[in-house]
Every structure is written in C-alpha cells, then in structure tokens.
Amino acid sequence: MNEELRRIWKSFFDWVMGNGPRPENEVIPPEPPPDLPFTRKPKDKYSRFHEATLKERYNQWLEIHGLHLFSVLYAGLSVLTCIVIVSLLLATVAELPPFGHERNPANNEVIRRYVEHGGHETGAQNIVAGLILDYRAFDTFGESAVLFTAAVSVLMLLGASRRNRAESELQPHTYEIGRNFLQRGPPSLGHHVFRRDDTILHSVANLSIPVILMMGCVVVINGHLSPGGGFSGGAILSTALILAANAYGFERVHEFFNERTFIISSSTALMIYALSKGYSFFTGANHIHSIIPKGTIGNILSGGLILPLNLCVGLIVAGTLYGFYALFSEGDM
Amino acid sequence: MIRVIIGGVLIFAGLFVLGIATIGIFRFSTMLNRIHVAAKCDTLGALLVLSGLIVLSGFNVFSLKLALVIVFLWLCNPAASHLVARAEVKTNPNLEQICDFLDMTGEGEIKEC
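Note that the protein sequences, when read in sequence, are chains U and L.
Quick note: the first sequence, position 102, residue 102 per this note's numbering, numbers continuous.
Quick note: the second sequence, position 8, residue 341 per this note's numbering, numbers continuous.
Treat the hints as calculated values from the structure; they're not laboratory data.
Hints may be right or wrong, so weigh each one.
What the hints assert, rightly or not - Under the rule of at most 25 angstroms between Cα atoms (straight-line distance), these lysine to any residue pairs were calculated in the SDA-like manner: (1) L:Lys423 to U:Tyr248; (2) L:Lys423 to U:Ser232; (3) L:Lys423 to U:Ile200; (4) L:Lys423 to U:Asn299; (5) L:Lys398 to U:Met215; (6) L:Lys398 to U:Val204; (7) L:Lys398 to U:Ser232; (8) L:Lys398 to U:Glu330; (9) U:Lys294 to U:Val204; (10) L:Lys373 to L:Ile335; (11) L:Lys398 to U:Met214; (12) L:Lys423 to U:Gly331; (13) L:Lys423 to U:Phe328; (14) L:Lys423 to U:Glu330; (15) U:Lys277 to U:Glu116; (16) U:Lys277 to U:Asn299; (17) L:Lys373 to U:Thr268; (18) L:Lys398 to U:Ile221; (19) L:Lys423 to U:Asp198; (20) L:Lys423 to U:Phe250; (21) L:Lys423 to U:Ile221; (22) L:Lys373 to U:Phe250.
As the list claims (entries may be wrong) - One side of the interface only, derived from the structure: several residues of chain U facing chain L at Cβ under 8 angstroms: (23) Val204; (24) Ser208; (25) Ile209.
None of these values were measured; they are calculated from a predicted model.
Glycine included, each C-beta is placed from N, C-alpha and C at the ideal position.
My request is simple: use the sequences and hints to build the entire structure.
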C-alpha cells in the first residue's frame, strides 16, 4: 500500500516537474545560442540612412573606450586620494604635542591623582589594574558584556542552522524525493577530521598545556600586583583550551567545557561583577562605609574587589575566545 | 669586557641567521621550501640572540627567564612548522607538480598526512 502510494506520488511529482516520459512526436525546439557575457552584439540598422543620435554615438564611444578610461581614472584617483590622506595625516602628526612633555594636555590633574593616590585608594600595586578595575570598572564591565554578547549571538546564529540541519535529517523520505530533482548531495557537515596520531603535536601539547594553564592562572590572579590581568590571562587560558582541542579533539574538551558550562560560568561571572561593583559604587557615591577591606599593598589578598573582578573577566574572556574558535571551526561548542 | 664581546658576537650571529631566513622566505617559491627556511633559521637565530642576551645579562633571574623563553621557542617552533607543513600537504591539490613525494607508506599513495 505504502509502496503504491509512493509510486503514484513519484509519477505525479515527475509530471509536475516536467521529467515524465515524453510523447514520441514531441518537437523539441533547438536551444538558442547562449548570451556570452562581455561580447559586443552587432547593431541592427533599421534603415539605410540611419542617423546616429548624439546619445547613441556617446554610447558607442563609451563601449569602446569606457573601460580604458575608467581604469586610468581609477588609478589616478587612488593615487590622488593616497597623497591627500598621507599628507593630511603627516600634517596632523606634526601638530601633535611632543611625547612625554610636561606641558602636554594629557598631563593633567587626573594623572596626578591616579599616580599619587591610586595606591591607597584602590589598594592595588599595579596602577593600571586599579584604574581599569576600580576607577573605571563600569567600562571594563561593558567590555566583558560586549564579548559575552558577541559569543552568545554567534552561538544563537550557528545553533539555529544546526537545529535546521537536525530537522532535515529527521525526514529522510521527503529529502529523498527532493534530491532526485535538485541533484543535491547530502548537506556537508563541515566537520574537521582530527587525526589523533599526530605524535609531534601530542607530545608538545602534553608538555606545554599545563605550563600555559599555570601561566594564565598566575597572570589572572596577580593582576593587581604585576602587569597582566583578566583580559590577558583569559587569552592565555583560551590558547591552552584551543591547543587541547586541536591536539586531543574537540570531544575531549567538550567533557569539561561545553556550551552549558560556558553560558553558566560567563553569566555568573558577569552577574558577580555587576553586583559587587554596583555595591562598591553605591557605597562610595553615598559616603557609606564599605565592608570590602583594602588590604596591605603588595599582598596577594589586597586591592579590594580587583582580584575577584579579575577572575570574572578572565573566565569570560577565556570562554569567549575558545568559544569563537570552536564555533567557527566546528560549528558547536 | 669579554662578556660583552661574546654576547655581541652571539647576537650578531643570530641576526645574520635571521636575515638569511628573511631573504630565503622571499627567494623560495613554494610553501614547503619557505617553511624549511623559516623554521630552521628562526629556531637557530632565536637561540643565538637569546643566548647572547643571557651572556650579556649574567647569571640572574632575568637570564633564567630568557632560558625559559628558549625552551618554549624550541618546543613550539618545530611543532608549529610541522602543523603548517601538514596543512599544506593536506590541502594543496597540485603538490605532485612542485615536489617529489617521499613514499613513506610503501603503497605509492598518500591519502592524508
């Protein structure tokens, strides 16, 4: 019954698409020669005394000389644009104040405030960390949120295509019928085949991944004491994750870091950041005593909120960078 | 004084090797030849320059860090070159025209490397 229905449906489909059996006396018209691109067609003259109007003559001239004229104009204009822009930029550079001069407009009371009072106001030995994670912490919060938003939107877009693919794979019958006419192969999954027996990559990864992970953790945790911080440490951590994914395959990384882990860790980190920094800004703006201790400068547990904020930023950056790599090369996390 | 001379000689030898690498990258025509030049000369040149810096700075924490940089470079540079070469062999369809195949498998056919 089912076979019969399918056969009838197929013949009906053939008839609709015009692929059915042809009658014997059908006359097939010869195909007209295809229009070749970039060839000039001969003009048909309607009368013997055809007077070319000005527009027609202009069009003919353009057809013969236009490309050459365009390329000459293009080259000339690009050279002119380059010269104008370069000279403008050089003139601007000549107008800039000298580097490091004490009368520079950038050298104002803000810098003095940061350098003189930054230490005991933020508790951080690294002035830059105190600047970006204490004085201007909401700016850093916005940067982390931008990263997180970008990763989540890529995840949504690629995830939608993945779901569509799964649905089309669920219906093999309709897919088979459509395939006869459209002559399309199966949808390519686009997955890389990672060879697990690359000995060189394996041994290098075995040696270097623990070191890279430790380095990343040190950079994140020591953000308020030494150069570095959440962004750079997170980037180092994500290189370790990417190296692990390349050497051992994405499935091994999936076991401990997948889409769910990424979403949970990143949104938790963002929320902790927002709440703690909101508390600190609220108490500071209203002259309420804050319960967050500053600690002594130079200790690992100092700098108030800078250490946990660095941890949050590091988590977000590491997850996002690895997520971008995994999403664009593999299609999912 | 001797330390400065030794360090300078090492650094200039390293710069010489790195300069040869730069010339070679532009002189050679195919990808695999360029990898050959870049990988070997980068490894040796970085070793020479960094050891020259170690000799110049003497025995302290800074030179220990430079030694760690040498270890890291010697670990990563060959592996990276190997991966680039593998990608080239895997993806270039005209590979037979530009180089001779060394038949490693004995089957006379290299499917994937």
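For each hint, the structure was consulted:
no.	hint	result
1	L:Lys423 to U:Tyr248	holds (19 angstroms)
2	L:Lys423 to U:Ser232	violated (33 angstroms)
3	L:Lys423 to U:Ile200	holds (16 angstroms)
4	L:Lys423 to U:Asn299	violated (52 angstroms)
5	L:Lys398 to U:Met215	holds (13 angstroms)
6	L:Lys398 to U:Val204	holds (20 angstroms)
7	L:Lys398 to U:Ser232	holds (19 angstroms)
8	L:Lys398 to U:Glu330	violated (36 angstroms)
9	U:Lys294 to U:Val204	violated (42 angstroms)
10	L:Lys373 to L:Ile335	violated (29 angstroms)
11	L:Lys398 to U:Met214	holds (16 angstroms)
12	L:Lys423 to U:Gly331	holds (21 angstroms)
13	L:Lys423 to U:Phe328	holds (20 angstroms)
14	L:Lys423 to U:Glu330	holds (18 angstroms)
15	U:Lys277 to U:Glu116	holds (23 angstroms)
16	U:Lys277 to U:Asn299	holds (21 angstroms)
17	L:Lys373 to U:Thr268	violated (46 angstroms)
18	L:Lys398 to U:Ile221	holds (20 angstroms)
19	L:Lys423 to U:Asp198	holds (14 angstroms)
20	L:Lys423 to U:Phe250	holds (20 angstroms)
21	L:Lys423 to U:Ile221	violated (41 angstroms)
22	L:Lys373 to U:Phe250	violated (31 angstroms)
23	Val204	holds (4 angstroms)
24	Ser208	holds (6 angstroms)
25	Ile209	violated (11 angstroms)
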